[in-house]
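Visitor: As a plain string of letters, each chain reads:
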Amino acid sequence: MSIPGVPAAAHEAPSGRPGGPHEVRLVWHLARWEFRLITRGPAFWLAVLAAASGTVDLAVDGDFGPALVARRLGDWVLLVGPLVFLPALGALRRRDAACGIHELVQSRPVSALAAVAAKFLGGWAALTVTWLVSMTAGAAALGAVRPQVLPYWADVLRMSALLTLPCYAFVTGLALAMDGLTGRTGVVLATGALAVVGSWFLSGAVLRGQLAPVFQPPNFSAVFGLDPYTGLIALNRAWSLALTAGLLALALWLLPRKVPVLTTAAGRRVTALLLVFLLAGGAVSAVPLLRAPASVMWEDEAQEWEMAQVRAAAAGSTERKSYWVRHRVETPAGPVEVYLARGSDEAAVPLAQAAARLLPHFPALRPPAGEPLRIFEGSFLRQARLEQGHLVLLPKDVATARRGGEGRADRALLRAMAEAYWADLAQIPAYVPGVVQNGEYFEYLPGLTWDGAAALYHQWVVLERAAGPEALAEELRLWESQTRDALDRDPDAFTTLHSAGAVGYASSALSVENAFTLWAAGQSLGHDRVLAALEEAAAAVPPVSLGGPLGWIPSSDEYWQVVASRLGLEVGAFTPNWR
Amino acid sequence: MSIVIEGLRKVFPDGKVALDGIHLEVRGTFGLLGPNGAGKTTLMRILATLMTPTEGRVTIDGIPLTDLAAVRRRLGYLPQRFGFYPQLTVLETMEFMAHIAEAPADRPRLMALLERVGLADRARSRVRQLSGGMIQRLGIAAALVGDPRVLIVDEPTAGLDQDSRVSFRNLLAGLAEDRTVLLSTHIVSDVETTCSRLAVLRDGKVIFTGSPDQLAARADGKVWAVAVEPADWSHFEQRFRPVAAVREAGLVRARVVAHAPPPGYRAEPAAPTLEDGYVWALRTRDGGEAA
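These protein sequences, in sequence, are chains A and B.
In terms of the working numbering, the first sequence has 456 at position 456, counting the first letter as 1, and numbering is strictly consecutive.
In terms of the working numbering, the second sequence has 1083 at position 83, counting the first letter as 1, and numbering is strictly consecutive.
With the rest of the complex left out, here is chain B (with noise of 0.2 Å):
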């Protein structure tokens, strides 16, 4: 079970150069990270068959993404933004869900799933009463409701408090052993937590592939813990873009990703965590590779 990307190109009809030849393989559970624009929702998209790409070959499961049917029979997709019908309850719109996902609709099933996002006891609440992180943990339950090979899943705890986002990330780690998971944010403590294996985007490109550690591995001896009086913080921060930043004993202390320990500062180096990697791949031009 896997998708398999390669050359894939999305230009749109405006001349802009979304994706521009992604080569991936997908397995496991697998992130995407990147800033906005990079691409992330376009290749989720024509992943979920919401979108056909320009160039390239995409397969899921073995199957080409031409055949529309048999992909989407293995597929569950949770948009970035979505909604559901309002006036349906809870309980009727997972049943709604199934049917067009063609899957059993049995109840005990439906409500097993709801038990799984925490959204059992809310089976009889119409969509209209749930706040936005209960919508967002039915649309994951709603995703999941087809038993989908794949799932793919763009940007799926925004909105939801610190409690569900663990579930969440719970929730990804169960699936994952006999699935492909693939799960777009921008939230890197997402995918530190439940990936195996990640790709950063930039400018339609990927300029990383590889593990957690791999990408934090990059920003080592790169990462600099800098002790910075409040009176030159905005000076400080203006000139090397902090990553990190907290108040502590009368100074800002502040984590800065650089070649060097900036100049003028009291700066120790600092073991580099994943958001290091993540954001010394963006500001390099090679992804950090060369470094």
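This is chain A alone, in the form it adopts within the complex (with noise of 0.2 Å):
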């Protein structure tokens, strides 16, 4: 039997079992066609390439370390990235039946399955474009700016994969699931909209436990293929995965009846499967999210996690040696190890230079006879601190001194090793964790506390003694501008700071203010009394952390209590904590 003229169709397969390998070959033939109809046409590749410039933009500005790659995938094309697709990603029921293809579908022997498998693969796919298509560029603007980096894409991208490509299934999953609910395009993209910018701008236990890790990656800068951490977010996106099969599920059961007349014979077991898949994966990745909120026990272990390495790098071995890279600089005060996160070679030279400067105004900082001094570049602190004596700065402490040269890598390290310091007297742990009080969720910033006034007042002084009165008068100037005044019409003044050249890294109004009133009793009383004044008042006074973000307020009072009483100042002379 044929059509006059055109060759008889010799069917590939007239008859088969539901779900046997004609159905596969259908949901593949489906898949590309799905895929091909959503990147199909301009609009597609504009959001693509809206998208790619992200992280190209991220790479000509110097910040595109390799963690930084998956994390602006993370936050970027993540995030934005699906909110752009998701009305093509909801193509159950909606699209077919807008162009009134449905019908000529539907009597065709398509499975709700291969219905629902196919615009799931050929959705995710199509998101999977965005993310390659980023990370291509993305590679392709470091390979100019940073060839060095280079190497280490491998890990990016497995790194950068493992995070992403489970919420995209997550993303189309959660598509096709509004669609076959409702077949309605603004319900889709109002779910998407909820879900992600929910997850992104609410706060609160369940939603930083259970919502926030679908689409947030925590801050895996230091577990960039390294460390233990890759078995934690892994468990994670396990958790992603989960929610998609049951996403999925809730699809192939909504579809079937919503459009009674697909065939369903296999669909029921898949059904089945992916319910199981759901409590399996649910079940698994629950344990280390239902430990605490996750992000905040990420960011807690991993920073507990990092000065276990930095003990153990200090005593000579690491337990992941390609955690850091060392280098040992000789310097006329003596050797500095510099522990860098990879793609940061250039930083340490500058630094270490820098260090053995400043290291004779800092003597509680000098190391034993015969040892080294040691900087560790911490990526998962939000402060400088110092662990067992040995400096461990942050992230952004590394760039200024790559970027800089010298004279930003002695402003850099001037600031973390005065903020180490002082934090080390006020006893600030690396980690503290928020609380919720009365529906209001606290938590630690540097600078919040006594110890960020007298750290940077500690700053001014060795930046006088170091560089000279004319380079201290410049910087005053800068911080003088800083009001708090000022600050409630920029709330963004001390980013505007540090791209004028000071510090600028976060402190707050009242630190500036107390920093002044330490700078002026130090010009009459001498700044040698004041800063002993300061290190005595630390041993008198309980340490910070004792009292967690709510006792930050009373001890930073009783602390400038003592401060006043032993320098003779009225103690309102000092900003109180409150204000």
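Keep in mind the hints are simulated off the structure, nothing from the lab.
You can trust all of the hints, since none of them are fake.
Here are the simulated distance ranges between beta carbons:
#1 A:Pro260 <-> B:Gly1264: 56 to 64 Å
#2 A:Ala190 <-> B:Arg1241: 49 to 57 Å
#3 B:Ser1189 <-> A:Ala190: 49 to 57 Å
#4 B:Arg1107 <-> A:Leu189: 34 to 42 Å
#5 A:Pro260 <-> B:Glu1115: 35 to 43 Å
#6 A:Ala98 <-> B:Asp1121: 23 to 31 Å
#7 B:Val1017 <-> A:Leu189: 36 to 44 Å
#8 A:Pro260 <-> B:Thr1059: 19 to 27 Å
#9 B:Glu1115 <-> A:Leu189: 36 to 44 Å
#10 B:Thr1066 <-> A:Ala98: 29 to 37 Å
#11 B:Pro1108 <-> A:Ala98: 28 to 36 Å
#12 B:His1023 <-> A:Leu132: 53 to 61 Å
Calculated Cβ distances over 10 Å to all of chain A for the following chain B residues:
#13 Val1011
#14 Asp1020
#15 Gly1056
#16 Ser1125
#17 Met1134
#18 Glu1192
#19 Arg1202
#20 Asp1220
#21 Ala1245
#22 Arg1255
#23 Ala1260
#24 Ala1270
Quantities reported herein were computed from a predicted structural model and do not represent experimental measurements.
Glycine is no exception: its CB is placed at the ideal position from the N, C-alpha and C atoms.
Join these two chains into a complex; the hints should help.
Guide: Written out as structure tokens, the structure is:
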């Protein structure tokens, strides 16, 4: 039997068991078409290019360390990309009905299982293209700006894929389930936007622990392919995939109810399988997620783990040798060992030389005789700190040293040394968990306790002694502009300050005001006396950390009372911390 | 190869009876005629497995309609209203339709099909660039892509120009040799030129089954050619519902299907056409059988 003038169609599979090879072949064909339909047309590629431009922009800025690549893909492409593509992904019913092809398709031997599976795979593949293009653009830009990072690209890809692709699967599943349920573009888009934006903006233990991990990668800078957190992230992403399985099960359950003519022979078995996957994946991944709000817990564990790495490295061994690249630099003040995350090589020498120049001003940081000074890059820290006498810097300190050469390295290291020293005296731990009080979430920010003012004042003292009065005068002029009123007008003033060449790292207006009070006292009483008073007061008051975030205010007030009495100042000279 | 329908009944959730005890055996090229709301599209959608009947039994090529996958592999369906993905080209659309029909998607074959419906020269055009008639032809090609044993087409010539309609009729005639084609339409001439048998549906019931000649014969002796003064036309049209009218030599020459010639007018008996038989069947309670 044939159509006149047309070769006969020898059917590939005139009959077949549901779920058999012919159905797999059909899913493959349909998924390819779905992919072509989504990626056909300029709108898709404009969106992809827009996403890619974000990564290129970072590379050109020079902030494109290997870890940042994946991070950026988490924060940027992961959140924005799916939102752009959600209407295209949720095409289970809506698009086919809109263009009128639905009855042509439904009168063919296409099962509900094939329809859902193909649209999911095609949609996921299209999102993966977004990711691949962004990665390629990033690699190309990085190759031009920092070619030495390219050898680590495979690690970047692996980590980024681990973080990104399961989330893309979740978004695709969400779109399909919503379209299966309502068949309306607006609902698909609104649900996706609500989930994505909601997980980004809302706080609270449930959202942070359960919803946010789906979208928000934890700070994995330091775990870049090297550490035990890969496992945790994998578990986290198992949660994403488990939710995806649940959404696909929902879509598979809904579709035959909304489109009853679709065959469902194998669909029920697959739905059951997906639900088993949901339960298993959910159970496995729930263990770390239930231990604590996930993003918080990871930060906590990551900081503790990183400090353990510092101790191990200082003792001559590291759990993972590739975690840092060690640079040993001989300086006039002795050897300095700089442990940097990969890709930061050129910062080592400026940092070591800056350390040699500044060390005389920080006697407490001097290593024991015969030992080198050790400086580590701590990717998880919020504040530079001392770990058993070793200085642990922030990645931005290293980036400043890398970009700005010795002058900037001196300034960055001065700030880091001062902050680490005073945070150590205040006994602020590496990690301070946030707390919820009366519905408000409080978490630690560097500079919100008395140590911020002491550290800033100390920097000015050292800056004047090391770089001279002119350098200090210029620095003070910049800080004087950062009054509380100025900060009210420009919440990003400290970033502006940083761009202008000052220290500029997150501090508070309170710290600046109290630092100026201390500076005025130092000019009349002598800076050494003021510094000594600050150190004595630190020993006289309870550690800041004891009260947690809510204990900072009374702790800081007590500290300023002690300092004021030792220096003969009115306690009112210091700005209370609750203002 | 046939479609056998026994006691088919479809009642919608709102209680409307769309089909009421349909019995039909469809072979060769079979026409389905009926006015709007007669149940044609409901019947076609049931046969195309897009709707489930309330009662009755249907087999296609001996396979019960409940075996969806097997039936669909033997079926080509062109709905009354349809479309394609506008961003695909004509050839890509054919490839897509071949894939979901589990049919070979080799280009020579698909191009031959497009050639058959007169779209070979538009193979690389996007669907969004096609006219309504071209999309209709593409739909026909798409319905044929799986080389179906049973082809169900619902109002396929609507929107086609005369040339395309003739081409389509010729295409159907070529197909009918070794397969079953069920053609639903309200255009009587389509059935007249392509179908060897037909059924007339009215209010969900089959009121006639037979050949076009048999349907035409039902109006034998009931067709009158009447000459009407233009001034009287409005009154005449309202009273006798003519099936055709032509203005000629200062008069309106009309055809009327009725038991007797219109009183008060000069009427002559005329040979019945299929359209006359169709109209007569619809206007009589028993489908014109008793007459």
